[in-house]
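Residue numbers (our numbering), protein chains in the order written: chain X, 3 to 248; chain D, 111 to 356.
Note that these hints are calculated values from the structure, not bench results. Careful: at least some of the hints might be erroneous.
Straight-line distance between alpha carbons at most 27 Å, and here's what the computed DSS-like set of lysine-lysine pairs gives [claimed, not checked]: (1) X/K68 to D/K331; (2) D/K228 to D/K331; (3) X/K243 to X/K144; (4) D/K311 to D/K228; (5) D/K311 to D/K282; (6) D/K193 to X/K39; (7) X/K94 to X/K204; (8) D/K205 to D/K311; (9) D/K193 to X/K65; (10) D/K228 to D/K207; (11) D/K242 to D/K228; (12) X/K37 to D/K193; (13) X/K104 to X/K204; (14) X/K37 to D/K344; (15) X/K68 to X/K39; (16) D/K311 to D/K215; (17) D/K143 to D/K205; (18) D/K193 to X/K68.
Residues per chain, in single letters:
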Amino acid sequence: MRFVLFLSGLLLALGVSAATPEDTVRQAMSSLAPKVKIDVVQDSAVPGFYEAIVGGEFIYVTKDGKYVIDGNAYDVAHRVDLTASSRARARKDALAKIGPEKRIVFAPLAPLTAKHTVTVFTDVDCPFCRRFHQQIAEYNAKGIEVEYLFYPLSIHPGADKKAEAVWCSSDRPNAFTAAMAGKDPGKATCPNPVGELTELAKSLGIGGTPTVLADDGTQIASQIAMSPDRLAAELDRLAAKNVAQN
Amino acid sequence: MKIRYCLPLVLVAVSLAQAADKPEDAAARAVLKEVVPQARVDTVEAAPIPGFRQAIVGSQMVYISNDGQYMLQGTLYDTAARKDLTGARLAVDHKAKVDAVPASKRIVFAPEGKPKYKITVFTDLDCGYCRKLHSQIAQYNKEGIEVDYLFFPRSGINSPSYDKAVSVWCAKDRSGAFTAAKAGKTPTPAKCDNPVADEYKLGQQVGVDGTPTIFAQDGSKIGGYLPPAEMLAKLENLGKATLAGN
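Next up, chain D with everything else stripped away, as it sits in the complex (with noise of 0.2 Å):
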């Protein structure tokens, strides 16, 4: 029984935290309000510069004053630690996005047994470098890579591209019509209920401009296409490399 009376206690403390930061948050949302008018707000919250909110607006981040009148945009890097701090922030709220489609909704090409990697490819079944990635499918899976595909026809919702998108998801055999389509194949026409728009939608949000779009299970952008090898690589060496080039 104590329990009971223990979580809402917690939950009080919880939303007076959040009462107390209000006035700047109202003030970055103010000011984005201003500056952005149309743009979609995420989150607002106190950024790793004291003095400073920071918000995801689109996929980007930016950092306000508290008092609203200063803005800056860019890459945030932590000196000592030499870590990319708003990639870091934005990775986190992009795995949330993309965590959030459920397998039902993703077309999952796995290896036997226990995948040791997940990567989500956003994808366009007419792009070059997508239908070199999936034809070597077969070698991600056995580098013990699970690719997971959602839809992002480049031209947009609509388009011939989005049309064979929905088409192969509304295909009996979907994993088969999907690997013909990207081997040149035009799927045959076919509509049903599909998630391809709100794919095509939450690529936007996770700021995929290309493809393939590649994320890792962290929420960290790998970019375009890597070979197997590479990519298998890359993803044991998340987190440890920073300012390639420096």
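So here's chain X without its partners, still in its complex pose (with noise of 0.2 Å):
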């Protein structure tokens, strides 16, 4: 027992001394809020500082795991929103994970060919979402192509088996659109990925449908986004700012 003792002893004694940036920031949160989901673990561009997803928000932890932060982050002399970009990043990884078949898509139909393609959390019982949708048309008209993830609100009760209804149906994008213009989409059920949607939305710290994502995770913003006009002007200034930083 005693040699037993004695080894978890050294082993904890290693542990300390080598540290991981995730031991660190879960150490430091164990205090503050122990059950909270700690997602992504990496260095801050703030010196001295790791930044961390928990729960959906970002938190800054300093590397002694002294201090947190639960706030935004800036590099004033570049003048970059470090939270901003770091939260665009991590929804662009994770997007990158959802294929097709876990999207409902609406492209510009030949011979438009899609030159953005943005990624929209929507549910059916939300009234912008369904607005946002009436323009379809106009939006793929524009070169957007429109790819729709499921996240039906829990202040929409049912929202989640219309949701499922409208996965399960022979024509799916019919079947969306109908319901989006309001009309009940029946009670069928399948095997479908809207339960991983919603908790993926949840863990990306999206509060809200639409949520509409550029290509490279940026949010934009929703009087942007609920206009096609803008919402087109938007992403090429988006495209050409990611043009001239890479």
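Now that you have both chains on their own, put them together as the hints suggest.
This is the structure in structure tokens:
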């Protein structure tokens, strides 16, 4: 027994000296919010800090684990909102893992081609989501491919069942468009990604619908996203900016 | 006679210490001037995190690296002590600002005998929960709580609620007029020198964003309406609570 105790003591000592960033963040959060889910831990651009996503929100933890800042970080000299750009990157990485088989895609029809793709978290019972989808032909005409992910909000009871019924219908895009026009999609059930996508949205800190994300993970302000003209201009601007930075 | 000479020496020491802090403070102020040019910066001082300054801007705290390159905005926690350092520091600042309002500029409802606790309540004559609170004023007093009111007409200076507050202030029987107005009676229009606008501005500086906003004597923001017994319990437990819900 003594030997075992000695060994585990040694391991503990080793653990302290070689604490990984994950260990440090978990240790720091264990006193503040022990149950919180820690998703990503990485070096922050701010020297001396780790950046972590806990429960969908960004926090900054000093590398000695003594302090946590629940908030946003900025690179003042370069005028960069570090939290916003990290959030965009985390969202881009997460979305890259969601294949077309989990999306409902409305692409521009030939001869038009897609200049830009947006991912839209949507809910059949959300009024602005419906208004957005009413303009789907215009978004497509501007060269924007719209890929929907279901995110039924808990404030809309039954919206998850409707999402599932749409998903399980034989003609998914048409069932989606009909449901977005207020038609009852029925009660079909089948294996579906609605639950997984809902969890994904929460872990990415997405608070409402519709949430429109550009290719690079940037969240588009809703007053821009709701206008096909303004959205197209904003996507052009983002694409130009990303080319300039790469 | 000796004492007279000691005093200037102490002052010299203090001013030297302040002088030593100046370059970082100047860098922090330069950052704030660039990022939030219109904001009022109250305090710049060393932050608990080594290598950082902290500044109170409006009623918020920001953290700025000593070289002026990075800024973090949010709530700073000491993980070992499980303490909200931002809240604690802002409470000190808010206490100083609220305490600076003399009794002659408050509308005071005090218990008989020595009060156990004193709360300062930013109030609006036309707000439902403010009225509810005041309808129970005798019970707060019975619990040993002194209630000091400051006016915070939510719709702003020169709004109808503001005019009512001025009329109450200028009434011959101020507390009587206050209680009557809280019961829904329109006060007799009156004008005189009054502190309503100053109190409204003070509210903005200490982060009042709705009414009633209640401050404890230590400067911590209790929040909104609480029934008398719960208010007492809250005051008794101040300083013990951390990160509720986690």
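Hint check:
A threshold of 27 Å between alpha carbons decides the hint, and for X/K68 with D/K331 the separation of about 25 Å falls inside it, so the pair holds. With a C-alpha separation of about 13 Å, the suggested pair D/K228 and D/K331 falls inside the 27 Å cut-off, and the hint holds. The hinted pair formed by X/K243 and X/K144 meets the criterion: a straight-line CA distance of about 19 Å does not exceed 27 Å. Proposed proximity of D/K311 and D/K228 is supported: the alpha carbons are some 22 Å apart, at most 27 Å.
Distance restraint check for D/K311 and D/K282: the Cα-Cα separation of roughly 25 Å lies within the 27 Å cut-off, and the hinted pair is therefore satisfied. At roughly 21 Å between alpha-carbon atoms, D/K193 and X/K39 fall within 27 Å of each other, so this suggested pair holds. Of the supplied pair hints, the one linking X/K94 and X/K204 holds, its CA atoms being roughly 15 Å apart against a limit of 27 Å. For the given pair, D/K205 sits about 15 Å from D/K311 by alpha-carbon distance, which is consistent with the 27 Å threshold.
Between D/K193 and X/K65 the CA atoms are separated by roughly 18 Å; this keeps the pair inside 27 Å, and the hint holds. Restraint check for D/K228 and D/K207: satisfied, since their Cα atoms lie roughly 16 Å apart, inside the 27 Å limit. With a C-alpha separation of about 18 Å, the suggested pairing of D/K242 with D/K228 holds against the 27 Å cut-off. Distance check on the hinted pair: X/K37 and D/K193 sit about 18 Å apart at the alpha-carbon level, within 27 Å; holds.
Using a Cα cut-off of 27 Å, the hinted pair X/K104 and X/K204 holds, with the two alpha carbons roughly 17 Å apart. At roughly 25 Å between alpha-carbon atoms, X/K37 and D/K344 fall within 27 Å of each other, so this suggested pair holds. Using a Cα cut-off of 27 Å, the hinted pair X/K68 and X/K39 holds, with the two alpha carbons roughly 19 Å apart. Pair hint D/K311 plus D/K215 holds up; C-alpha atoms about 14 Å apart against a cutoff of 27 Å.
For the hint pairing D/K143 with D/K205, the CA-to-CA distance comes to about 26 Å; that is within 27 Å, so the pair holds. Of the supplied pair hints, the one linking D/K193 and X/K68 holds, its CA atoms being roughly 11 Å apart against a limit of 27 Å.
Checked against the numbered hints given earlier, the structure satisfies every one of them.
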